[in-house]
Amino acid sequence: MQTYDAVVVGAGAAGGIVAAVLAEAGWRVLLLERGPALTFEDVGRDHLRNQRISLYGHNAGPDSEGNPRVLVDPDGREILVRPHEGGYHNNAACVGGGTRVYLAQAWRFMEQDFRMASLYGVPEGSSLADWPITYADLEPYYERAEWEIGVCGDAEANPYQAPRRRPYPMPPLPPGRLYTRMLRALDTLGWHGFPVPFAINSVPYQGRPACVRCTHCVGFACPVDAKNGTHNTMIPRALATGLCTLVSRAVAERVDVNGRGDVIGVTYLVEEGSTIRREVARARVVVVSCGAIESARLLLNSACDRHPRGPGNAHDQVGRHLQGHYYPCACGILDEEIYDGLGPNAATATCRFNHGNPGITGGGMLADEVATLPILLWKSLLPPDLPRWGMVSKRWMRENYRRFVRVMGPVQEIPSPEARVTVDPRVRDRYGLPVARLSGTTHPETVRVAHFLLERAQEWLRAAGAVRIWSVPPRLGLSGGQHQAGTCRMGHDPRTSVTDPYGRVHAHDNLYVVDASLHVTNGGFNPVLTVMALAFRCAERIARDHRGGG
Amino acid sequence: MTEVHWQTLRAVMDRVVPPDDFPGAWDAGVGEYLRRQLARDLKHLALLYDLGLEAIDAEARARHGSAFAALTAAEQDAILRDVESGRVVAFWPVEPGRFFRMLVEHVQEGFYADPGNGGNRDGVAWRMIGYGTGPQDEATHADV
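Residue numbers (our numbering), protein chains in the order written: chain A, 1 to 550; chain B, 1001 to 1144.
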C-alpha cells in the first residue's frame, strides 16, 4: 500500500493542473491516468482514426476493444458502442487528456454564462441553474490559465468579452486569407469579428517554439510542440517537483472509504502486458478528474454500505445534467479560392450572439473553420444534392475544396436532468468494471437556440460572399462528446448539486471532483479554459484547506 | 477475394472516382486501401464484398453478356446507377443500393484519406483539390 497526500484520478485538462498546484505546494501526489503518454509519432496523422474523425478507431484512446458504453437512444433501445463510434461521447484517454489533441481554442466564459437561470428563467423541464460562483470569482484563475498554460489572442478586439485585468501573454497569430475575408464580412454585418484565442504559441513561450502553421491541430498532436496542453505545461511542472508520481495505464476501480464512510484513498488497476495488477493508494485527499462521464461513473462505481448510491450521490444528482455543445454548422462555397494552408483550424470569431438574442435562451459563439480535412468534408459536409460518385463528384471536390468554408459555434445548452450517466447493470469493461450508460436528451430549448445560431452562421457566410450555402438542421438528441460537462455540478444545495463551489463533494471533507463535471452550464464556448481556471481555483483551495500534512 | 472480383472491383472504383487528368481510384491506390481494410477494420464485410461484386458482374452478364470489367464506361455507369437505385435484373443476395453506397464510402475514404492508409498515393487526391499546400504542411506531413 502506498501513502500520499493526494490521489488525483485523471491527467487531463483539470487533473494535470491540480497535481501541479498541489505538488508545488509540497504535497506528495499520485496522478493516475487510464491512458498512455503519447508521442507525436504515436498520435500520427491518420485521417480515418483520430479525435476529429474516428471512422475506424482513435489516435489518443481509449482503445476500441474492451471499453464499451451503453447508449440508450430516444426510443429506449440499448446500443453497445465502442469508443470510436457515434453515441459513445468520447474524449481522449491519454496523458494530457483532450488537451493532447485539441484545437486549443482558449475562451473565457462571459459574465452572463454564470447566471443563466436568473437572466432567462428556467424553461419547463430543464435543470437550468446559476453557478454558485461569478465570473469575477473565476477571473484571476482565467488569467493564471492563460499565462501558465500559454494563450495567444487579442485582448482588445472582442467588445462582448467580460472584463479582464491582463492581456493575453502572446499576440494573435498573423492573419491568413480566410481570416481577412471572414473578418470583413463580420465588419459589414456589424458583428465585431476578432481572432480566435488559442492555447498555441504565436511566439516562443515557456521554452517551446512558435506555431509553424500546419493544419493538423484539431484531432492531432503538434509537430513542433507549440500547442499547449497539460501534457507539456503543468504535468511536467508537477513531475519537476519530485513529489508527483504519474502512473499511466492506471484505471481507478473505486474511491475507498473506511467504516465511517470517510474517503481514505483509491484502488486502481494497472495494465502491464497481459496482466492487470491491483494497487491500493491511501491519501488525505482524493480528487476525481476523469471528465464528466468517467468522473460520474467512478463515483457511481464506488457505491458501498456507507454510500449505497455512491459517494456524493445521496440525492441522486451524480451523472445528471449531462451536456456538451450542439454545433450548428453552415457550409458554403465562396466566390474565390480562400484556402492558404495556414493553420490552426479556426481563425475568426464573433460573440455577437452569445447573449441578448430576443426570445432565445442564451446563444453561442460563432467561428469559421480552416483547412477542413478532405475526408471529413467528403464524409459529412457535402451539399445534400451532390452526386457522391462519378466525375461530377470528383470535379466538385477539385473545384470547390479551396473555396469551401464552414461556420459553426457551440450552443450553450439548456440542461435536462434526464440527460444522464448511470452505470450499466450488466455490461462490464475489460477491467470488470460496470460501464457508463448514457441516456436522455438535451432540453428542446437547446435545439431552438441551435436553429437560431445556424441562421446567423448562414448570414455570416452570405456576407462573406458565399455563392452556395447548405446545412443540416439540428435535431433533438443527447450531447456530451469532447465538451462533456455538468454531471457533478457545483452548488450550495446538496439536493440539486454534488459539490460545493470549490469542487468538494457535499458531506465529505476530503473528496473532490475537479473537471467539467462541475459546470452548472457549459457556456457558448469551447470549455477548456474554464476547466483549467476552475482547476487552479479548486486546487489552490484544497492546498489551503488541507494544509499541514505535506 | 478472387482475381475476377478484383477486376470487377477495380472497374467499379474507377467509375466511383474516374480518371481524368488526375488518376482514378485504382491508380490512386484505392485497391491497396481496400486490400488493407478488408483484412483489418472491414474484415467482417469481406463476404459481403464477394457477394456484391459477384452480383454486379452478374448484372453485366445479364444485360450485355460480358463481364462488368469489359464494358464501356457508359455501360458501367448505367449499371451502377441502376444498382444504386435498386433496379436490378440479376439475382442479388445482398441489397444492391446499400452495397453500392457502402462501396462508394469506402472508395472515397481510400481516395481522400492520408496516404498512410494505402490510398491517395503520394497525396495525389490532395494535390488535385489543393489541400496541404501551405508552407509547413509538406514538411510536417512527411514526418509521419
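Heads up, a few of these hints could be off.
[Said to hold, decoys possible] Derived EDC-like pairs (lysine to aspartate or glutamate); straight-line CA-CA distance at most 20 Å:
(1) K379(A) - E1084(B)
(2) K1043(B) - E1003(B)
(3) K1043(B) - E65(A)
(4) K379(A) - E1003(B)
Simulated from the structure, these hints should not be mistaken for lab results.
Just pull the numbers of the violated hints for me, sorted ascending.
4
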